[in-house]
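Protein chains: 2
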Amino acid sequence: MPKEVNRRILLVNRPKGMPEESDFKTVESPIPEPKDGEVLIRTVYLSVDPYMRGRMRDVKSYVPPFSLNEAITGGVVGQVEASEHPGYRAGDLVTGMAEWADYSVVKGEDLNRVQNDPVPASTALSVLGMPGLTAYFGLLDIGQPKKGETVVVSGAAGAVGTVVGQIAKLKGCRVVGIAGSRKKTDFLTKELGFDAAVNYKEDDVPNALKKACPNGVDIYFDNVGGEVSDAVIRLINHQARIPICGQIALYNLEKPDDGPRIQSQLLINSALMKGFIVRDYRDRFKEGMAQLTEWVSQGKIQYRENVVQGLDHTVKAFQGLFKGENLGKQLVKVSEIR
Amino acid sequence: MPKEVNRRILLVNRPKGMPEESDFKTVESPIPEPKDGEVLIRTVYLSVDPYMRGRMRDVKSYVPPFSLNEAITGGVVGQVEASEHPGYRAGDLVTGMAEWADYSVVKGEDLNRVQNDPVPASTALSVLGMPGLTAYFGLLDIGQPKKGETVVVSGAAGAVGTVVGQIAKLKGCRVVGIAGSRKKTDFLTKELGFDAAVNYKEDDVPNALKKACPNGVDIYFDNVGGEVSDAVIRLINHQARIPICGQIALYNLEKPDDGPRIQSQLLINSALMKGFIVRDYRDRFKEGMAQLTEWVSQGKIQYRENVVQGLDHTVKAFQGLFKGENLGKQLVKVSEIR
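Residue numbers (the UniProt record's numbering), protein chains in the order written: chain A, 1 to 338; chain B, 1 to 338.
Looking at chain A on its own, in the form it has when it is part of the complex (with noise of 0.2 angstroms):
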């Protein structure tokens, strides 16, 4: 780095089940030059995320899909390298939504400045970015947690719920995570704070679910879906809350399985359960971000971001989101901040 060539990961085949190598292709082309009112990025840190294979199927969801034959996009930090942009020049390090590549050119104007002290540039794709909005607006606004009451999370080692489960613990409540081995569960517990942890693949988890809220659930902040939140939802308390942010557990299958019907579980408790991506709460982003600034920034919310070096290995860096290889944030880091 810098190459002469751009190399770019482009989307072949729309994935069956677990995305393949095969179903990406990684093309070398020029570097791109910005027009007027574009940016020219080198990517620092790429973001994969597990919503992004959402966008690999050819259905409506909340974000269109990926086209055949071109780069994914998806969160990067970048430095800038040459600027049409009147706001931005050469060095300076941004946020926004680039390719899978070493260069993409981006309108100035959908690209947001990024400091890289006190906290690293690159919790702009972690806490202090969409993963640590989504946690803060899918449990405040929709979970509405109380002093003393219990939140339990799923996918709680991850980008979302290791925010999710500190922020809770910050209101007071006891905070059980659901992970999927012996280093999450022990990360969850010794390092963050959570008051219990189940390993969903070696415990018994509806028992060890019941054994860790003795009082029910509360809040279920459900990252993952199929049978795991099976278990919790059948310890829900009256007027409990379940903010839906992802599916994960669900995302490699080619249809949606069949589970029981939880319609009556909310009746009986009148409870709620909510979808929502952090789009939906676009207005109040400056609102998040201010507090969760303040938070990472007084200790109160640590971060965790788990780095694999090199934009060869963006697409063994995704797959490994659902094989729940990421303990924190993962992050594909394809160049140096100079």
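Incorrect hints may have been included.
Computed cross-link-like contacts, SDA-like style, restricted to lysine to any residue with a CA-CA straight-line distance of at most 20 angstroms [claimed, not checked]: (1) Lys255/A / Glu325/B; (2) Lys16/A / Asn69/A; (3) Lys286/B / Ala121/B; (4) Lys60/A / Ser264/B; (5) Lys60/B / Glu294/A; (6) Lys60/B / Lys16/A; (7) Lys286/A / Asn116/A; (8) Lys16/B / Ala90/B; (9) Lys183/A / Lys171/A; (10) Lys255/A / Asp280/B; (11) Lys255/A / Pro206/B; (12) Lys60/B / Gly216/A; (13) Lys171/A / Asn69/A; (14) Lys60/A / Gln239/B; (15) Lys25/B / Ser264/B.
Pairwise CB distance ranges, derived in the manner of DEER restraints [as the list claims (entries may be wrong)]: (16) Asp257/B / Lys286/A: 43 to 53 angstroms; (17) Asp258/A / Gln144/B: 41 to 51 angstroms; (18) Glu294/B / Asn112/A: 50 to 60 angstroms; (19) Ser67/A / Gln302/B: 27 to 37 angstroms; (20) Ser22/B / Lys210/A: 57 to 67 angstroms; (21) Arg57/B / Lys210/A: 47 to 57 angstroms; (22) Gly172/B / Ser67/A: 38 to 48 angstroms; (23) Lys60/B / Asp258/A: 18 to 28 angstroms; (24) Lys16/B / Ser181/A: 38 to 48 angstroms; (25) Pro86/A / Gly216/B: 39 to 49 angstroms; (26) Asn207/B / Glu202/A: 30 to 40 angstroms; (27) Lys16/A / Phe285/B: 51 to 61 angstroms.
These are calculated hints, taken from the structure and not from any lab test. Backbone N, C-alpha and C define an ideal beta-carbon position, used for all residues, glycine too.
With chain A held as given, fit chain B onto it using these hints.
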């Protein structure tokens, strides 16, 4: 009537599946006498309601289970025969919770006075009672209907559904009812002003719904659950709201059945689903009653009651709820107002 003895209908077995006559037993005993603060009422109308099926199970629900070998209790309209409470005297018409019986002794403080004019006293069990309030709060508070939106209601020809659809029309919505016979669907479209109605027993439900909801579904007021709900939920729009009022299709199942998981639909549409019972809104009953009374007296909301004659037909009337026999509110007339 009046009888010298009091017939009371006891629950003697917890039903498995559809309740059978043998799950109930009618016993005779002397007419009870009110003690201090109590009132003896003669039952005029008694209400059979789907939610009572839940109370026949020995499981946690939103109301405690009925006890075996005790009389079933539910909403009644009665006439005071004797009073030891200063607020009531013989001849007064009242409503409250009382036994499936010719006579009940009830605490005066648990009763409310009703009129038989300008609308019949029976409406205290239908449009101006629990079913009307259920429709009012579920639709308006959870559903939040906006002009031009599409509202689908299942169990549309029942006590709650008929009111939901009419309020939705008053709010300027397109209203689609789902019911189980041509007689009912005709009633909805020709007499109550619904824009369309689907007969779930004869129509191809997914296609009929698609045709009836060309702009998708913004609110689904669910009284029934099961496959009918699966079909509606597939059509929900962004930010849809789904009040869960009942799941009558499931009440007689031994176990909750499986169905397509719905969380993904809620997620991609940022949709809300909320269970509720009318009691959640008890602090606002006055508001609801005032508005419903105004609408009914202005002829803006019609009500329909399906009345069977005689206490000895109570169990059959109750069973009929699960066979789709009632159009409007199902009542049993036990004695005449005198």
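Cross-check of the supplied hints:
no.	hint	verdict
1	Lys255/A / Glu325/B	37 angstroms, violated
2	Lys16/A / Asn69/A	16 angstroms, holds
3	Lys286/B / Ala121/B	17 angstroms, holds
4	Lys60/A / Ser264/B	12 angstroms, holds
5	Lys60/B / Glu294/A	43 angstroms, violated
6	Lys60/B / Lys16/A	42 angstroms, violated
7	Lys286/A / Asn116/A	19 angstroms, holds
8	Lys16/B / Ala90/B	41 angstroms, violated
9	Lys183/A / Lys171/A	26 angstroms, violated
10	Lys255/A / Asp280/B	37 angstroms, violated
11	Lys255/A / Pro206/B	18 angstroms, holds
12	Lys60/B / Gly216/A	13 angstroms, holds
13	Lys171/A / Asn69/A	46 angstroms, violated
14	Lys60/A / Gln239/B	15 angstroms, holds
15	Lys25/B / Ser264/B	46 angstroms, violated
16	Asp257/B / Lys286/A: 43 to 53 angstroms	46 angstroms, holds
17	Asp258/A / Gln144/B: 41 to 51 angstroms	30 angstroms, violated
18	Glu294/B / Asn112/A: 50 to 60 angstroms	52 angstroms, holds
19	Ser67/A / Gln302/B: 27 to 37 angstroms	53 angstroms, violated
20	Ser22/B / Lys210/A: 57 to 67 angstroms	37 angstroms, violated
21	Arg57/B / Lys210/A: 47 to 57 angstroms	21 angstroms, violated
22	Gly172/B / Ser67/A: 38 to 48 angstroms	39 angstroms, holds
23	Lys60/B / Asp258/A: 18 to 28 angstroms	25 angstroms, holds
24	Lys16/B / Ser181/A: 38 to 48 angstroms	43 angstroms, holds
25	Pro86/A / Gly216/B: 39 to 49 angstroms	43 angstroms, holds
26	Asn207/B / Glu202/A: 30 to 40 angstroms	46 angstroms, violated
27	Lys16/A / Phe285/B: 51 to 61 angstroms	54 angstroms, holds
Going down the numbered hints, you'll see the structure goes against 1, 5, 6, 8, 9, 10, 13, 15, 17, 19, 20, 21, 26, while the others check out.
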